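Sequential numbering of the sequence shown, starting at 1, is according to this note's numbering.
None of these hints come from the bench; they were simulated from the model. Keep in mind it's a predicted model, so treat the numbers as computed, not measured. Be aware that a few hints might be false.
Distance ranges between label pairs, derived from CB positions [as the list claims (entries may be wrong)]:
| hint | residue 1 | residue 2 | range |
| --- | --- | --- | --- |
| 1 | Asp-37 | Gly-4 | 25 to 31 Å |
| 2 | Gly-4 | Asp-54 | 14 to 20 Å |
| 3 | Gly-4 | Ala-58 | 17 to 23 Å |
| 4 | Phe-25 | Gly-3 | 22 to 28 Å |
| 5 | Glu-56 | Pro-17 | 31 to 37 Å |
| 6 | Asp-10 | Arg-45 | 16 to 22 Å |
Idealized CB from N, CA, C, for every residue including glycine.
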Amino acid sequence: MNGGPSFERDIRPLFRPGDVESMLFAFDLSVYEDVRDNAEGIHERLVDGSMPCDQEWAQADIDRFRAWIDSGMAP
């Protein structure tokens, strides 16, 4: 088992149902391929606080998302 972050275990649970619903016009935050393909843009918006729209993520969660990107975005 890979010790790095994975989408299913570490990233997908960070997106609340309302987050998923509000972004369906662009992509599905519950689908690995959609998040993988948009990961850098999602990260930028998490860092600048524009995503999610109602409250910023904790820095530890933003760091986890970055670590997932940097480690190869495991499913």
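Okay, the hints, checked on the actual structure:
The hint said 25 to 31 Å for the Cβ distance between Asp-37 and Gly-4, and at roughly 19 Å that hint is violated. For the hinted restraint 14 to 20 Å between Gly-4 and Asp-54, the CB-CB distance of approximately 29 Å leaves it violated. Look at Gly-4 against Ala-58: about 20 Å separates their beta carbons, and that is inside 17 to 23 Å. Between Phe-25 and Gly-3 the beta carbon distance is about 35 Å. The supplied range of 22 to 28 Å is therefore violated.
One distance hint, 31 to 37 Å for the beta-carbon pair Glu-56 and Pro-17, is violated here, with the actual separation near 18 Å. Roughly 19 Å separates the CB atoms of Asp-10 and Arg-45, a value that falls within the hinted 16 to 22 Å.
When the structure is compared with the earlier hints, violations turn up for hints 1, 2, 4 and 5 and for no others.
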